[in-house]
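J.: Protein chains in written order, with numbering that gives the first Met the number 0: chain A, 0 to 677; chain B, 0 to 234.
Simulated from the structure, these hints should not be mistaken for lab results. Among the clues, some could well be false.
Simulated crosslink set (PhoX-like; lysine-lysine; CA at most 25 Å straight-line) [said to hold, decoys possible]: (1) B:Lys-18 x A:Lys-503; (2) A:Lys-513 x A:Lys-452; (3) A:Lys-452 x A:Lys-503; (4) B:Lys-18 x A:Lys-513.
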Amino acid sequence: MSDPALGLTMLGLIVVAIMMGFPTAFTLMGLGMIFGYLAFLDPGQHWWNNRIFDLIVQRTYGVMTNDTLLSVPLFVFMGYIMERAALVDRMFHAVQLAFRRVPASLAVTTMLVCAFWGIASGIVGAVVILMGVIAMRPMLNAGYDVRLASGAITAGGTLGILIPPSVMLIVYAAVAGQSIVKLYAAAMLPGFFLTFLYLVYILGWAMINPKIAPKLSEEQYRVAVPDWLRRLERGRARSVFLGIVAAMFRPGVTRGSASSDGNRVRYGLVIQNFLALMVPLALTAGTFAATWWYVVIYNAPSAQVESAPVAVAPTPQTVAPQAGSPVEEKPQELGEVESEIKSAEPPRGADAPPEEMTIAGEPSAQSAAGKVPAHFYDWFWGLAAASALLLAYYYRRMDGEQFEILKELSASVVPLGVLTVVVLAVILFGICTATESAAVGALGALYLAVIAKFPRQAYTWSVFGVIGGVALGWAHADFVELIVSGSLGATFAGTVIPILQNLKSSPELRQNIKESTFLTAKTTAMVCWLFIGSALFSAVFALHGGQSLIERWVLSMNLSPLGFQFLAQLIIFLLGWPLEWTEIIVIFCPIFIPLLSHFQIDPILFGTMVAVNLQAAFLSPPVAMSAFYLKGVSPPHVTLNQIFAGMMPYMLIVCLCLAFMYIWPGMTLWLPEFLYGN
Amino acid sequence: MNAQRLVHGIDQISYWSGKAFAWLIVVLTFVVSIEVFKRYILNAPTAWIFDFSNMLYGTLFMMCGAYTLALSAHVRADFVYIYLKPRGQAALDLALYFLFFIPGIVGLIYAGYGYAADSWRIGEHSNITAEGPPIYHFKTVIPIAGALVLLQGFAEIVRCIECLRTGAWPARLADVEEIDVIDTQLSHSEYVDEESRRTAMQTAHAVDEAARHRSVMEESVVHERAIREDEQKKS
């Protein structure tokens with residue numbers, strides 16, 4: 000009953016219908032319903048027995064049980080909580096102090112904070128408005144060029160939808176049937192590369208023409224150092240390191256000096272400062288320890304199976320022959336027996352979401368060979384030594400000012416940074432699934448929110464949580480797991496109990512949680528209903544032969560892969576002007592994706608390029624929303640044209656980045672291939 | 000006036016149901032986190048967790064469909080739409096509600112009802128694991144959510160008719176918006192001066208509204224701000 004003419008009509012109608020401004024989810028649903036009804040029309044049947052009803056409900060149920068989309072609400076929730084938990088304003092101040100000697104320091108700071116906060120939030124409007132309030136005025140007051148200032152804010156503000164964990168990439172993964180993990184890995188390097196290009200542009204411009212970004216005067220970035228810290232400065236470099244360590248052991252050192260609020264310097268304050276002093280050391284050591292653990296222990300041969308977190312009961316060797324046994328095995332460990340297990344694999348348990356299937360291919364070059372990659376030890380110790388030297392130099396040069404900046408940074412940037420890195424790292428290294436990681440990330444964001452508001456209670460209960468977690472994990476776990484279980488316990492206890500305690504007394508906490516919850520519901524419903532509509536529509540469209548019509552048409556144009564890629568990206572770029580990313584990804588990407596294999600374009604590369612491309616679309620005058628957001632909060636003398644002029648170069652930079660990505664696909668595909676093999 | 004009360008009544012139903020089911024995200028977060036703990040640390044995975052988290056997610060977004068519609072938060076490609084007068088918008092919407100919305104949603108409810116009824120009849124269980132949890136109640140969500148969306152759709156249709164009559168869109172109930180984060184952030188900020196903070200908090204919503212329509216905030220608002228700033232400079 001299918002009819003290509005109907006397919007063509009659908010294609011024409013869809014464009015017109017979407018442009019009419021009706022909620023797109025229902026437009027698609029209605030169109031799919033009507034045309035599907037016609038397609039399945041069978042005069043011999045009752046009109047209510049049409050098979051379109053099966054199709055619509057199957058598609059709906061498919062979206063409801065889509066395990067890729069399952070992580071959408073969790074990541075969205077994490078974002079909403081995070082953007083309420085971390086104060087951008089404070090972050091901006093801290094980063095600005097840290098970069099005070101860099102040319103165009105305010106613009107550089109703006110870009111960095113935008114990118115960083117965008118990772119957490121991903122809502123372009125909110126980022127641009129906030130940065131407009133926080134960063135625009137200081138920049139203009141310092142005499143920065145309006146174009147420089149507005150370009151940094153608008154370009155930085157759109158970065159959030161690109162850099163993982165971004166919801167856009169999850170939705171693309173669901174549309175293209177790709178793994179989120181691989182897409183995240185693929186988007187990492189281009190995301191940071193783009194940020195890097197932006198920074199190079201700002202720095203380059205400021206160095207060639209210092210007039211556009213005058214240096215701040217000394218007193219604008221002087222850091223107030225309390226007296227007692229000044230007295231602890233030792234040696235020619237006036238490092239406070241030794242002084243604080245000394246004060247730890249001999250509290251008498253600080254006797255007679257007063258802290259900033261006029262009280263006597265207590266020992267608690269000294270400890271606090273000492274802990275802050277240890278943050279860089281702890282971060283470095285933690286990174287190296289985690290790398291060591293991941294490469295040497297986690298990915299090591301299966302002989303060491305008991306030391307990895309998931310490994311249950313029997314070793315893979317014994318599992319392999321028992322087909323259908325309800326044993327939970329861990330993909331990463333499979334190593335050489337992987338293929339046997341694959342063939343004999345029991346139906347995947349509920350506890351192993353299909354997402355892991357992709358990770359199952361993960362035992363990459365390293366672990367498949369069952370050994371640590373060559374030169375790992377050389378690199379590891381070399382880098383460790385280099386970092387140790389750097390750290391030593393850093394501590395040696397740490398005077399009071401530097402230390403105050405460090406304290407600011409560790410209060411504002413570090414918690415959010417650590418959470419983001421951990422969430423991304425456990426996904427990327429295949430330690431747990433994106434869904435699990437998102438849930439723990441959301442919990443972690445709640446934890447940060449609680450710490451920011453009720454530090455004392457949060458820390459107290461965290462201690463209990465660590466004890467509880469370690470006690471629970473004691474029987475099963477080795478050292479690494481004990482650390483993980485302790486921190487999980489701390490997060491649980493430190494989040495839940497203070498929230499319950501303060502829910503009554505703190506209207507702000509209530510409001511933050513409520514807002515995040517309701518906004519999450521709204522965003523998720525918006526994305527997923529659109530998904531239902533699009534799933535129904537594309538099924539019906541294919542049924543009428545519309546999809547194959549398009550395919551034949553594109554193929555008849557005899558495009559080269561470059562030509563096709565260019566055409567596709569151009570269309571998406573143009574669509575990015577009037578439409579939002581949700582519609583582009585959910586409705587229009589499915590049209591291109593089936594064609595990719597013909598042109599031998601990796602769907603992951605394509606998705607990443609779409610994500611980068613949309614950056615350009617969202618920065619192109621005169622339709623870019625962020626310009627209007629910025630104009631709304633800028634002083635009246637800043638004109639829209641100035642903002643647009645500031646944005647233009649960034650648009651070109653994005654195009655440059657796209658060209659790089661095309662010429663050198665390795666930049667995108669290297670990380671996923673390195674981590675998960677082919 | 001009666002129409003108004005009807006619309007607001009339906010709005011309330013959608014709000015209430017949407018907000019009630021929105022809390023499932025908190026449940027989902029904790030369920031998955033606890034499962035992470037159980038699975039990775041205690042080595043005691045729970046078989047039905049995957050089904051359960053899917054149910055939480057599916058129920059969450061389905062049941063919030065009406066709420067999202069009531070807030071007019073379903074994404075629309077409104078780059079032509081916004082240039083129409085309210086009457087034009089209402090006429091277009093009204094036609095499309097009958098043309099697209101009602102067939103789609105009624106079809107969904109009808110199909111969902113049969114789907115859920117079948118599932119209840121056979122007492123269907125999930126087949127993701129060997130002994131999966133029952134899923135007939137989860138499938139029942141489809142017709143219920145569809146019915147809620149349809150109900151809210153009626154309210155929207157009444158809204159369109161009201162707008163056609165009066166020439167202005169009837170007001171919606173207030174609710175949280177993404178832009179509210181500006182308030183939360185700025186009310187705590189230490190480095191932004193009082194004046195620009197207050198202005199930004201006051202105008203954030205107008206700015207958001209205007210930017211979505213790709214236009215600069217109402218000239219009058221900008222003008223007022225300029226006057227205020229001038230006054231401040233003088234004093």
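J.: Of the hints stated earlier, which fail here?
T.: none
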